Amino acid sequence: MDQFLQHVINALSLGSIYALIALGYTMVFGVLQLINFAHGEIYMLGAFTGMYTIRWLRLEEHPGIGSLIIALIAAMAASATAGFIIERLAYRPLRKSPRINLLITAVGVSLFLQYSGQLVFGSDPQFFPTGILELEGYNWSYGDLVIEPMQIVALVLALILMFVLQYIIFRTRLGRAMRAVSFNHDFASLMGIPTNQIISATFMLGSALAGAAGVLVGLIYPKIDPLMGTMPGLKAFVAAVLGGIGNVTGAVLGAFTLGLAEEFLVGYWVPTYRDALAFGILILILLFKPSGLLGVHRAEKV
Amino acid sequence: MLNHENTSSSDAAGAKLEGSVDGSLVLRIKDVSVHYGMVQALHNVSFDVPRGKIVTLVGANGAGKTTMLRAISGLVRVSHGVIEHRGEVISTSQPHEIVRRRICQSPEGRGIFLNLSVEENLDLGAWAAPDKLSYKINLERGFEMFPRLKERRRQNAGTLSGGEQQMLAIARALMGQPEVLLLDEPSLGLAPQIIEKIFEIVQQINRDGMTILLVEQNALQALGIAHHGVVLETGRVVLQGPSRELLASDEVRKAYLGE
Numbered sequence: 004m005d006q007f008l009q010h011v012i013n014a015l016s017l018g019s020i021y022a023l024i025a026l027g028y029t030m031v032f033g034v035l036q037l038i039n040f041a042h043g044e045i046y047m048l049g050a051f052t053g054m055y056t057i058r059w060l061r062l063e064e065h066p067g068i069g070s071l072i073i074a075l076i077a078a079m080a081a082s083a084t085a086g087f088i089i090e091r092l093a094y095r096p097l098r099k100s101p102r103i104n105l106l107i108t109a110v111g112v113s114l115f116l117q118y119s120g121q122l123v124f125g126s127d128p129q130f131f132p133t134g135i136l137e138l139e140g141y142n143w144s145y146g147d148l149v150i151e152p153m154q155i156v157a158l159v160l161a162l163i164l165m166f167v168l169q170y171i172i173f174r175t176r177l178g179r180a181m182r183a184v185s186f187n188h189d190f191a192s193l194m195g196i197p198t199n200q201i202i203s204a205t206f207m208l209g210s211a212l213a214g215a216a217g218v219l220v221g222l223i224y225p226k227i228d229p230l231m232g233t234m235p236g237l238k239a240f241v242a243a244v245l246g247g248i249g250n251v252t253g254a255v256l257g258a259f260t261l262g263l264a265e266e267f268l269v270g271y272w273v274p275t276y277r278d279a280l281a282f283g284i285l286i287l288i289l290l291f292k293p294s295g296l297l298g299v300h301r302a303e304k305v
Numbered sequence: 528m529l530n531h532e533n534t535s536s537s538d539a540a541g542a543k544l545e546g547s548v549d550g551s552l553v554l555r556i557k558d559v560s561v562h563y564g565m566v567q568a569l570h571n572v573s574f575d576v577p578r579g580k581i582v583t584l585v586g587a588n589g590a591g592k593t594t595m596l597r598a599i600s601g602l603v604r605v606s607h608g609v610i611e612h613r614g615e616v617i618s619t620s621q622p623h624e625i626v627r628r629r630i631c632q633s634p635e636g637r638g639i640f641l642n643l644s645v646e647e648n649l650d651l652g653a654w655a656a657p658d659k660l661s662y663k664i665n666l667e668r669g670f671e672m673f674p675r676l677k678e679r680r681r682q683n684a685g686t687l688s689g690g691e692q693q694m695l696a697i698a699r700a701l702m703g704q705p706e707v708l709l710l711d712e713p714s715l716g717l718a719p720q721i722i723e724k725i726f727e728i729v730q731q732i733n734r735d736g737m738t739i740l741l742v743e744q745n746a747l748q749a750l751g752i753a754h755h756g757v758v759l760e761t762g763r764v765v766l767q768g769p770s771r772e773l774l775a776s777d778e779v780r781k782a783y784l785g786e
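Protein chains in written order, with my numbering: chain G, 4 to 305; chain E, 528 to 786.
Be aware that one or more of the hints could be misleading.
To be verified - Quick partial rundown of chain G residues pointing at chain E, CB under 7 Å, derived from the structure: (1) LEU177; (2) ARG179; (3) ILE196; (4) PRO197.
Said to hold, decoys possible - For each label pair, taking beta carbons as the anchor points, the in silico distance ranges come out as: (5) ARG277(G) x ASN588(E): 49 to 59 Å; (6) ALA718(E) x ARG277(G): 30 to 40 Å; (7) GLN200(G) x SER551(E): 33 to 43 Å; (8) MET234(G) x ALA587(E): 55 to 65 Å; (9) LYS659(E) x VAL167(G): 18 to 28 Å.
To be verified - Among the chain E residues that face chain G by a calculated CB cut under 7 Å, a handful are: (10) VAL626; (11) GLY638; (12) GLY751; (13) HIS754.
Bear in mind the hints are in silico, worked out from the structure with no lab data behind them. Bear in mind that the values here come from a model prediction, so they are computed numbers and not experimental data. Note that the Cβ used here is the ideal one computed from N, Cα and C, for glycine as well.
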């Protein structure tokens with residue numbers, strides 16, 4: 004029983020990280036029908052920005068939730084800026100070209116950022132300063148069950164961000180415009196909505212969440228390197244497809260499902276297949292329900 | 528007088544181009560061509576939309592009617608000629624800038640956001656409205672015009688019937704307090720009684736002072752309510768003039784009314 008609960012807790016914290024990244028994939032897909040393969044690198048940038056912010060501002064000398072929030076905000080701002088620039092320079096000029104050109108460009112941007120990261124940050128792994136939160140002595144354990152406070156902090160912050168995003172999308176003018184643009188660019192611009200600005204805003208929002216995920220991952224798995232975005236990026240992509248790409252709620256659902264599946268595979272069966280599982284799920288979902296768990300084929304009425 | 532474009536286009540165009548800014552003209556289409564890649568969809572189209580009138584653009588499928596509306600709204604670029612709003616060139620503007628001039632379009636297929644609620648659709652119609660205070664008044668007017676929409680305001684717009692969606696499209700366009708309303712085939716796919724009702728409403732809002740550019744395949748009905756008609760054929764204006772005269776002309780009766 005304890006072991007089972009342990010896996011659930013691990014799965015939730017892992018799932019919440021996947022969810023933050025998957026949301027960006029699904030939002031960008033919503034407005035541009037583009038799989039932004041550079042999204043994992045935006046998450047990596049978030050982790051590094053968080054690390055450098057903590058180092059340069061010596062936030063470790065003032066550990067606490069306030070310092071963590073400063074690092075989070077810095078990471079989210081940097082990632083949002085990166086998302087904005089990438090869309091502006093790489094994707095916007097190709098808006099009217101065939102979809103495949105955009106996709107290849109996205110892969111190119113991803114590689115560019117990975118290797119630029121190695122150039123700028125160095126290719127050796129660095130340690131994320133987890134001392135930003137003083138959590139020694141806060142380890143709760145009940146029998147075999149160990150709750151890492153970092154996991155709880157990450158889970159709570161991730162959930163807060165998801166609720167904020169949900170609020171923005173479904174309750175604000177910007178969110179309404181984003182949903183309109185994701186339905187149809189032309190229709191949206193006929194409402195007077197500046198579609199390019201809304202697309203930029205969508206990239207920035209999605210990228211900010213990935214940046215936050217970078218910092219939260221740094222807290223739980225403190226080894227960060229410029230290639231760290233590849234695997235979580237791909238897995239979050241799978242999570243987004245699993246939930247129904249373009250569907251915000253689906254991305255969260257897909258992410259937690261993937262987190263649970265991975266954790267239980269590792270815990271009860273064959274740990275080696277951890278990274279293969281996501282792609283197995285991708286193949287199955289594409290074969291049997293390509294629209295994903297919550298995706299619907301859009302009914303088009305004439 | 529009926530203006531036969533293929534015989535007298537040069538004189539007519541010349542006269543129009545010299546005309547100074549005329550307050551009675553809301554839109555002026557001057558010698559407009561549009562290309563989709565190698566295909567030319569509009570060939571030197573010219574016509575005017577006078578204030579307070581209903582102008583209808585009729586013609587068969589593929590004649591370029593929708594392309595003309597898309598060009599006015601800035602969704603396609605004109606490759607030649609200009610489109611003017613109150614004497615100012617708008618054919619280089621972005622679509623959202625054109626909406627800010629209160630040139631609003633209810634597009635082909637109605638352009639309803641099926642993933643949004645009825646009320647959210649109406650809210651979006653007021654996105655660029657110059658006067659946020661009159662939001663409530665416009666909303667009430669829309670609901671008064673189409674009580675069905677009020678009943679269903681919280682429903683997803685995707686659950687509405689075709690007729691209701693067309694009502695929503697018109698109500699939404701009115702939320703932007705348009706100076707000119709561009710309507711693309713409002714009768715498409717609707718039952719005859721509903722078409723009747725939609726045309727009545729178009730006339731109603733015109734009587735209240737709104738300028739309307741109506742695109743229709745249903746030439747007889749459209750010319751019946753319009754003041755002026757423009758007949759398009761494979762991207763060219765073949766005939767234009769007061770709709771009463773168009774309706775009486777043999778060519779129109781033969782080609783478009785099946786007589």
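We went through each hint and held it up to the structure:
1. Residue-level restraint check for LEU177(G) is violated (minimum Cβ-Cβ distance to chain E is 11 Å; threshold 7 Å).
2. Interface restraint check for ARG179(G): the shortest CB-CB distance to chain E comes to about 6 Å, inside 7 Å, so the restraint holds.
3. For ILE196(G), the shortest C-beta to C-beta distance to chain E is roughly 6 Å, which falls under 7 Å, so the interface hint holds.
4. With 7 Å as the threshold, the beta carbon of PRO197(G) comes within range of chain E, its nearest partner Cβ sitting at about 5 Å, so the hint holds.
5. Distance hint check for ARG277(G) and ASN588(E): the Cβ-Cβ separation is about 57 Å, which falls inside the suggested range of 49 to 59 Å.
6. Range check, ALA718(E) to ARG277(G): about 59 Å between beta-carbon atoms, so the 30 to 40 Å window is missed.
7. Between GLN200(G) and SER551(E) the C-beta distance comes to about 35 Å, which sits within the given range of 33 to 43 Å.
8. MET234(G) and ALA587(E) have their C-beta atoms about 57 Å apart, which keeps the hinted 55 to 65 Å range intact.
9. For LYS659(E) and VAL167(G), the hinted distance range of 18 to 28 Å is satisfied, since their beta carbons lie about 26 Å from each other.
10. The beta carbon of VAL626(E) is positioned within 7 Å of a beta carbon in chain G (closest approach about 3 Å), and the interface hint is therefore held.
11. A least Cβ separation of about 4 Å between GLY638(E) and chain G falls short of the 7 Å threshold, and the interface hint therefore holds.
12. Below 7 Å, beta-carbon pairs count as interface contacts, and GLY751(E) has none with chain G, the closest being about 24 Å; its hint is therefore violated.
13. About 25 Å separates the beta-carbon of HIS754(E) from the nearest beta-carbon of chain G, more than 7 Å, and the hint is not met.
Violated hints for the displayed structure, listed by number in ascending order: 1, 6, 12 and 13.
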